[in-house]
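Trainee: Residue numbers (the working numbering), protein chains in the order written: chain Y, 1 to 314; chain U, 1 to 214; chain Z, 1 to 546; chain D, 1 to 98.
Warning: the hint list may mix true and false statements.
Unchecked claim - Selected chain Y positions facing chain U (in silico; Cβ < 7 Å): (1) K9; (2) S286; (3) A288.
Stated by the list, open to error - The calculated lysine to aspartate or glutamate pairs, modelled on EDC-like cross-linking and capped at a C-alpha distance of 20 Å, are: (4) U/K112 to U/D59; (5) Y/K106 to Y/D253; (6) Y/K111 to Y/D253; (7) Z/K493 to Z/E419; (8) Y/K86 to Y/D19; (9) Y/K106 to Z/E458; (10) Y/K52 to Z/E419; (11) Y/K170 to Y/E2; (12) Y/K9 to Z/E458; (13) Y/K111 to Y/D294; (14) Y/K52 to Z/E458; (15) Y/K224 to Y/E293.
What the hints assert, rightly or not - Chain D stretches covered by chain Z per the calculated footprint, using a threshold of three residues with CB under 8 Å from any CB of chain Z: (16) 39-49; (17) 53-60.
Calculated from the structure, these hints are not laboratory results. Heads up, the beta-carbon is just placed ideally off N, CA and C, and yes, glycines get one too.
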Amino acid sequence: MEWLPFWPKDAAVSGHVVDTLYIFELALTTLILISVYGLMLVFCIRYWRGRKVDRTKGAAKSWVWEIGWTSATLVAFLALFVWGAKAFIFLYQPPPADIEIFVVAKQWMWKTQHPGGQREIDELHVPIGKSVRLVLTSEDVIHSFYIPAFRVKHDVVPGQYETFWFKATKTGEFRLQCAEFCGTQHAHMGGRIVVMPAAAYARWLTDQGAHESLARQGEALFRKYGCSGCHGTNSAVHAPSLAGVYGSVVQLDGGGTARADERYIRDSILLPRSQIVAGYAPIMPSFAGQIGEDDLVAIVAYIQSLSRPPGASP
Amino acid sequence: MRSLKPQMQFATLAQQTETAQLGMWVFIATEVMFFGVLFFAYTVYRASYPEQFRLAGHDTQLLLGSINVAILLTSSLTMVLAINAAREQRDRMAAGLLLATAALGLAFIGIKGYEYLLDYQAQSVPRLDYVFKPGQGGPTELFWMFYFIATGVHAIHLSIGIVLVLIMAWRARRGAFSRAYHAPLEVVGLYWSFVDIVWVFLFAAIYPLGRGGT
Amino acid sequence: MTSIAAELPSNYLTREHTVRSWLLTTDHKRIALLFFASITFFFFVGGFAATLIRLHLVNPAGTLLQPDMYNRMFTMHGIVMVWFFLIPSIPATLGNFLLPLMIGAHDLAFPRLNLASWYVFNISGALAIYFLLAGGVDTGWTFYTPFSTMYSNGHVMAAAAAVFVNGFSTIMTALNFVVTTHRLRAPGMTFMRLPLFVWAIYATSLVMLLATPVLAMTLALMAIERGLHVGIFDPALGGDPLLFQHLFWFYSHPAVYIMILPAFGVISEVITCFARKRIFGYEGMVWAMMAIAIIGFLVWGHHMFVAGISIYAAILYSVMTFIVAVPSAIKVFNWIATLHGGSIRFDAPMLYALGFIGLFTTGGLTGLIIATVAIDVHVTDTYFIVAHFHYIMVGGAVTAYFAGLHYWWPKITGRLYPEIWARGAALLIFVGFNLTFFPQFILGYLGMPRRYYAYPPEFQVWHVLSSAGASILAVAYVLPLFYLAWSLVYGAKAGPNPWRATGLEWRSASPPPAHNFSGTPFVTTGPYRYNTTDDGYVSQDGSAGA
Amino acid sequence: MSGAGRLTLRPYIVAWAVLVLLFGLSVLSAYLDIGVFHPVVNFGIAATQAAIILLVFMRLYGHPSLTWVFAGAGFFWLLFLFGLGLADYATRTGFPTQ
């Protein structure tokens, strides 16, 4: 479809899914529009005042028609819904991630962090054919991470971690945009996604110079902020060990469970008393306002790394 | 003034009275939505941070809140009795009951003001003077915001009610109402009782939290 | 039955001429005209902003306006058009004028409240003018937190106050309509004999009553958070910015139905009158409108599919959205079926109405596309959305407003407008509108986000097309101002019933006398008894027209 | 219009007494150890009190059904807000990764 002047590039698995659905609905829409305009035109000409035509057939049998087209529309709409919902689940349900990227948005730039510790601004280099999972948050207002060529976007909300994923199918450069109004330079809060072949991507990573991995940086911060004092292995304080927490289901004080995803870990650091793990006293102080989003991302990455078998790289 | 003609757009005085009452009921439906927003926000935050809300609720003035419930419930009673008296053209009695209603309303406002003072002294007023007590975090401040906004908006409604009731007392004293014509009084009565209902829900949302039984 | 078409020496316009008699009037017809003056002013204020926006976007670098000025322009366009034009447009003017006439009442139930509503509207209008002149607001009409509460440097408080006060006006008017419809119907005017326009205004008023308070409180919370620097939606305290969005859209989605339901009413009246045929499926039309009014409250989450809400909830909101589209589809089917076997005249109101059907259907069908969650992920917050809701609100609601204005103009003023000019304007609006907004669908799917003052050069061709259309549209919208004003002085005198329509409003004089009818009309039959074959009709009071 | 001949006191006094009693229960319940049922009890009692005020003090009982419709409309519409709004909050965690 890209040969059409009004069709955007399609460079990801999700692009194909959305396009297929869109083309179908577009065809349906066109068909209905043509029939609506067509019927109006035909009736207007045929029953033009003054023309001698049979006008007696117009009134009768109203309810048969009404029930007919009401149920037909309902069924058609529900069918569209089911297709759309299935595609949506595909778009927003991440498969096991090959690469996990943290994205921190602020007025008016995108900061992206690779697992290896490489940082970029307004750019993101990814390899082709790998599923990339993004964890996004914002330092100030709501932004929206939008890659038109992949047909995906997700709002980036301060105080929350949002996630979505994509798998690029073509190499090249694609526009990255902010889609949620965020202030004066909203229009210029963009950049590019660079999709590279695996080898080129590996070269690019090393070209960025030596970096500590994000999890390593997080480990250092974990000590710096004093987290290890309680959550460390030899700590005297009764605090839960964080090994294997990420991805597990946590029993909460007062019944109930929570799945320990990035969002849960973040909340536990900033609002520790909102979800207390069963069997522990609510003694952890809040770190709200003391850790910046960038550092927080590194600490989360470190806690994530504690759930991986030793030696496995993210 | 006792034999009034209906306004031009109505056929009878009874139609006019019923219409005025229906208007008030419709207005109350909009007020329910207005306060509903606050309760929705409250529900969302309380469900997210039950522990923090318990801690914050513990610092509210249960006794003063309770007295205020009793006051408003009683004022609703005097209000409805006043309407009945006015319908029977017992003007003095009606005016007296209305004055009692207004006095109860004023007492409520006074106690509320004293309660705000205590809250201030306990450093529970966000922005003005707020400190986190042991174990408290950000969401407790959300609780106190709900508390001040909800009770504040309620107090504004009640103040409007007091003015309306006083006007009604004055009119009742002058013998403006009769069995045939008492629509304004009925309408004010509906409003007053509605403000009472709001307080009943606010009490449940604010005061019983964090008292002994967890 | 000629007695109710009173031949009084004076009508509501000529009864008194003093300024005081206008400013203190309690006559619903005069108040309707007062509202008409106010919203027409704001229509052109909002239109001015739109013109600047379109001019600015001709150049991809966006050099006409400074970025901050551009942001203030689209915000001003949104706020003014939504709250100061679209929401009051049909209800406060045509509804105010016609509701009592159509149900055979002498006035609304609370005439003084009606006047108060106009004053409150103007107070809010003055606040709006103040924030515009003081430097404007850059939050967008949606006031999303935390941008509006912590980061915007515009006059957010004044804007919120304007919209807050505006809500009181909406509620007063809506309350009046609901109570009037229930209590002041003429003898014999049962609910199932009400003209569809009355039903539409009634359904709209219900939505206004139940949705507007939510907006009022939500904006109040936002203003408190901004003004006092406290936390309500503040994530730093554990607050949730999405809570604001939930509450905002709980109002603002039904607000779309506040705009489009009255349009349904107008179009139903016009189509049946000019097709000279009873409307197809009257009961279906009534239930469809009531269904929209109620189900319309269940779909607000579709504005937040990518905002960070639960994925399960998104799917729930999506299915609700598809369901609410069904009654809208029924209405389009019924209008077209009404044309079948009619005896169709193409006077200006009919041209507007036919244009409405086409534009509304386009808006509705693209609405289905974005109700499909997966596609919405791509097109939300792009020009696709902009195009979609302009098709509904401008192509739909505004076109219907013009249809109604032309249809009832002879009743309101007693004069006929120049038909040729009116038809020309109708065609021009249709052409200009499509040229303006159709390219925006394409822009949207190409991935052009909303609210960008500058954009990649490859989009320029579509923007230029859109701006070209906008200039046609601007001319088309100014035209009626002139020929309608012209008709006030030079227009031919309209009789009581120039369109030979069946509603009670046409049984009163044109313009109607002060209290509408000299006696109380007695209703003996349902609406729309047009006889297609012999071209006759029966008014709702039973009198037959030739 | 319910037309009472003389001043009717009794139903109002009784209603008031019941309201105060319910209120006492609400305060008492605050000190009971019933865990998550606290809000249920408190708001349940509040709803009962509201119903009594509506029916007796606002004399909804005896009004035409139309009044009932509007008296209930606000509360009914709040169910939409709470129902669909909380549907989001209750399921916010998103899909588990495969």
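Trainee: Is the interface hint for Y/S286 satisfied, with its Cβ closer than 7 Å to some Cβ of chain U?
Mentor: 5 Å, holds
Trainee: Are the Cα atoms of Y/K52 and Z/E419 separated by 20 Å or less?
Mentor: 25 Å, violated
Trainee: Does Y/D19 lie within 20 Å of Y/K86 when you go C-alpha to C-alpha?
Mentor: 14 Å, holds
Trainee: For the pair we were handed, Z/K493 and Z/E419, check the Cα-Cα distance against 20 Å.
Mentor: 13 Å, holds
Trainee: Can you confirm whether the C-alpha distance between Y/K224 and Y/E293 stays at or below 20 Å?
Mentor: 15 Å, holds
Trainee: Keeping to a limit of 20 Å between CA atoms, is the pair of Y/K170 and Y/E2 held or broken?
Mentor: Judged against 20 Å, a Cα distance of about 13 Å means the pair holds.
Trainee: Can you verify the interface hint for Y/A288: is its Cβ closer than 7 Å to any Cβ in chain U?
Mentor: Cβ of Y/A288 sits 6 Å from chain U, so the hint holds.
Trainee: Given the hint that Y/K52 pairs with Z/E458, does the C-alpha gap stay at or below 20 Å?
Mentor: 53 Å, violated
Trainee: Would the pair Y/K106 and Y/D253 pass a check requiring their Cα atoms to be no farther apart than 20 Å?
Mentor: 35 Å, violated
Trainee: Counting residues of the segment 53-60 of chain D whose CB is closer than 8 Å to a CB in chain Z, do you get three or more?
Mentor: Our answer is that it is violated, as 0 residues pass the Cβ test (under 8 Å) against chain Z, missing three.
Trainee: Count residues of the segment 39-49 of chain D with a Cβ under 8 Å from any Cβ of chain Z, then say if the count reaches three.
Mentor: Our answer is that it is violated, as 0 residues pass the Cβ test (under 8 Å) against chain Z, missing three.
Trainee: CA of Y/K111 to CA of Y/D294, is that 20 Å or under?
Mentor: Status holds; Cα separation ~9 Å.
Hint compliance for this structure: hints 1, 5, 6, 9, 10, 14, 16, 17 are broken, all remaining hints hold.
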